[in-house]
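Student: Keeping their order, the protein sequence lines are chains A and B. Mapping to our numbering: the first sequence position 119 is 119, numbers consecutive. Mapping to our numbering: the second sequence position 16 is 16, numbers consecutive.
Possibly wrong hints are sitting among the right ones.
Stated by the list, open to error - Cross-link-like lysine to aspartate or glutamate pairs, in silico, EDC-like; alpha carbons within 16 Å at most: (1) A:89 to B:232; (2) A:82 to A:43; (3) B:178 to A:95; (4) B:194 to A:105; (5) B:178 to A:107; (6) A:106 to B:60; (7) B:194 to A:32; (8) B:194 to A:76; (9) B:64 to B:185; (10) A:106 to B:232; (11) A:82 to B:175; (12) B:242 to B:103.
To be verified - To give an idea of the interface, some chain A residues facing chain B are shown, with a C-beta separation under 7 Å as derived from the structure: (13) 50; (14) 59; (15) 67; (16) 81; (17) 91; (18) 94; (19) 101; (20) 105.
Hints listed in this document are in silico derivations from the structure and should not be mistaken for laboratory results. Quick reminder that beta carbons are idealized off the backbone N, C-alpha and C, glycines included.
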Amino acid sequence: MNTIIKNTIHSALLAVVVTIGVTGSAFAGTIENLERERAILIETFFSPTLSAGERNEKVAVAKHRLVDLERMVLRDSSLAGKNTPAVSKAFSNYDLTFLVHASIEKEKFILDHWLEQLGITTQSVMTARVGRR
Amino acid sequence: MFPITQNSVSGDRSLPRTILSIFALAGLLSGTLMVPISAGAATPPAETEQAPNWRPTATERLVKLPSAYLNKAVERDFKDSGLSAAIGNTNGKIRAKERTLRDFQAAMDKAEGEVLTELKHQFLAEKQAYIRLLGARQDMSRQHLETKAKIYGKILRKLGNKGSGQSSQKAKLIERQKTARQRFEGALAQVDVKIFSSGVAGESKYSAEFAKNVNAIERLIQALAKHPMNAEPELNGNPISKADYLRGLVANAEADLAILDQEESILGYMAKLVALDAMALAENLEDVTSADGGNTIVSVSSAVDFFASQ
Numbered sequence: 001m002n003t004i005i006k007n008t009i010h011s012a013l014l015a016v017v018v019t020i021g022v023t024g025s026a027f028a029g030t031i032e033n034l035e036r037e038r039a040i041l042i043e044t045f046f047s048p049t050l051s052a053g054e055r056n057e058k059v060a061v062a063k064h065r066l067v068d069l070e071r072m073v074l075r076d077s078s079l080a081g082k083n084t085p086a087v088s089k090a091f092s093n094y095d096l097t098f099l100v101h102a103s104i105e106k107e108k109f110i111l112d113h114w115l116e117q118l119g120i121t122t123q124s125v126m127t128a129r130v131g132r133r
Numbered sequence: 001m002f003p004i005t006q007n008s009v010s011g012d013r014s015l016p017r018t019i020l021s022i023f024a025l026a027g028l029l030s031g032t033l034m035v036p037i038s039a040g041a042a043t044p045p046a047e048t049e050q051a052p053n054w055r056p057t058a059t060e061r062l063v064k065l066p067s068a069y070l071n072k073a074v075e076r077d078f079k080d081s082g083l084s085a086a087i088g089n090t091n092g093k094i095r096a097k098e099r100t101l102r103d104f105q106a107a108m109d110k111a112e113g114e115v116l117t118e119l120k121h122q123f124l125a126e127k128q129a130y131i132r133l134l135g136a137r138q139d140m141s142r143q144h145l146e147t148k149a150k151i152y153g154k155i156l157r158k159l160g161n162k163g164s165g166q167s168s169q170k171a172k173l174i175e176r177q178k179t180a181r182q183r184f185e186g187a188l189a190q191v192d193v194k195i196f197s198s199g200v201a202g203e204s205k206y207s208a209e210f211a212k213n214v215n216a217i218e219r220l221i222q223a224l225a226k227h228p229m230n231a232e233p234e235l236n237g238n239p240i241s242k243a244d245y246l247r248g249l250v251a252n253a254e255a256d257l258a259i260l261d262q263e264e265s266i267l268g269y270m271a272k273l274v275a276l277d278a279m280a281l282a283e284n285l286e287d288v289t290s291a292d293g294g295n296t297i298v299s300v301s302s303a304v305d306f307f308a309s310q
């Protein structure tokens, strides 16, 4: 009887280990997906081939997708303490990595927020002078 | 007094043996090894038998166990060991020996003369066996406590090593991730209102499914938190960390060892008293023997009756 109980417990523990392993691997690549979608969004902002209407439509779709991807990264427990260059870089600047969340938090348009994070403001552009470097 | 009867003959024959046994008991004072002489004395544990043992290992599984279960797991492992069985067996023998000692005490109250002397001797021998059993149990208890303190110490070190292996860069990353999550949680509702209530698009599949799962996860987390086997240890009503709990267990084992040391000195005093009692009994027996006139020359005339009766 004891042996049966022990075997059942061992099977349950094995199932837990396997489940954890599967869950861990399912989240792999969340940062890469986020980086790709963010790059596409920024490209959309500056694409000269898009009309204003097309751009707005594309940005709205990309924003929705980015919200989910940002949440996936922030909730990804497998990234906790994972000291790889990609993870380290992603968490070094919240405002740039989690662009949609940070911009809404600061009540700014995404592009404005992104440019501000890079140090490009309307004032800095207006005061800039053309010259030889 | 030893009257010359059938009993006295056997008493005479047992006398040197008694004295030898008493002197052997007196050897307790000098700490010499004693050989059980009296048939009534308990036989010591066989030297040839394999010594009972308990060798637990601080496995990773043990380190990961919840604090409340950790102590129980170690105690359960001990209960299944040969050492625990040996301690239980010795405890049984000690209880039986205590009953024997009480019986001897009761019998000595009613006995007198040679029977009383013999009972006193037997009583001393039983006390000697009793002390020997207590000593054996002390040794095994010491082994149990030392092993327990060692295993908790090992688990504590392994627990410490897990945290100490963290580099400063990793620690910084963990801190940044923690801050990011806090910031995200703070802006979550604001983002939901802005994005999903805008009317452009509804809640995404991920958000809907995640919200549904969050409820299930929260219910499971609550059940886990309430589970008695997952309860955090407490000290004076305040929750304490696993490391603190382990340090407490090590301290408890050390305290039990200190008490054991004290109990050993009590055993020493008991042994000393038995030895002194034995020496006192030996002295009395010598007095009785000389008072009995064992060495006096019997007159020839007293044997005339054996011849004149024919």
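Student: Decide, hint by hint, whether the structure agrees.
Tutor: Status of the hints after comparison with the structure:
1. Distance check on the hinted pair: residue 89 of chain A and residue 232 of chain B sit about 36 Å apart at the alpha-carbon level, beyond 16 Å; violated.
2. Between residue 82 of chain A and residue 43 of chain A, the direct Cα distance comes to roughly 29 Å. Violation of the 16 Å bound is thereby established for this hinted pair.
3. The suggested pairing of residue 178 of chain B with residue 95 of chain A holds, with an alpha-carbon distance near 15 Å, which does not exceed 16 Å.
4. For the hint pairing residue 194 of chain B with residue 105 of chain A, the CA-to-CA distance comes to about 10 Å; that is within 16 Å, so the pair holds.
5. In summary, the hint linking residue 178 of chain B to residue 107 of chain A is not supported, as the alpha carbons are separated by about 23 Å, beyond the 16 Å threshold.
6. Using a Cα cut-off of 16 Å, the hinted pair residue 106 of chain A and residue 60 of chain B is violated, with the two alpha carbons roughly 46 Å apart.
7. Of the pairs offered as hints, the one joining residue 194 of chain B and residue 32 of chain A is violated, with about 25 Å between alpha carbons and a cut-off of 16 Å exceeded.
8. Annotation: proposed proximity of residue 194 of chain B to residue 76 of chain A is violated, straight-line Cα distance about 23 Å (limit 16 Å).
9. Of the supplied pair hints, the one linking residue 64 of chain B and residue 185 of chain B is violated, its CA atoms being roughly 29 Å apart against a limit of 16 Å.
10. For a cut-off of 16 Å, the pair hint linking residue 106 of chain A to residue 232 of chain B is broken: about 40 Å separates their Cα positions.
11. Note on residue 82 of chain A and residue 175 of chain B: the hinted pairing holds, with a Cα-Cα distance of about 12 Å set against a maximum of 16 Å.
12. Our distance criterion of 16 Å between C-alpha atoms is broken by residue 242 of chain B and residue 103 of chain B, whose separation comes to about 50 Å.
13. Interface restraint check for residue 50 of chain A: the shortest CB-CB distance to chain B comes to about 18 Å, outside 7 Å, so the restraint is violated.
14. The closest approach between the C-beta of residue 59 of chain A and any C-beta of chain B is roughly 10 Å, which is over the 7 Å cut-off, so the hint fails.
15. This hint holds: residue 67 of chain A has a C-beta 5 Å from the nearest C-beta of chain B, less than the 7 Å allowed.
16. Given the 7 Å rule on beta carbons, the hint for residue 81 of chain A holds: about 5 Å separates it from the nearest Cβ of chain B.
17. Annotation: residue 91 of chain A was flagged as interfacial toward chain B, and the flag holds, the nearest CB pair being 4 Å apart, inside 7 Å.
18. At about 5 Å, the closest approach between the beta carbon of residue 94 of chain A and any beta carbon in chain B falls short of 7 Å, and the interface hint on this residue holds.
19. Taking 7 Å as the C-beta contact cut-off toward chain B, the hint placing residue 101 of chain A at the interface holds, the least distance being around 5 Å.
20. Annotation: interface hint on residue 105 of chain A holds; nearest CB of chain B at approximately 4 Å, less than 7 Å.
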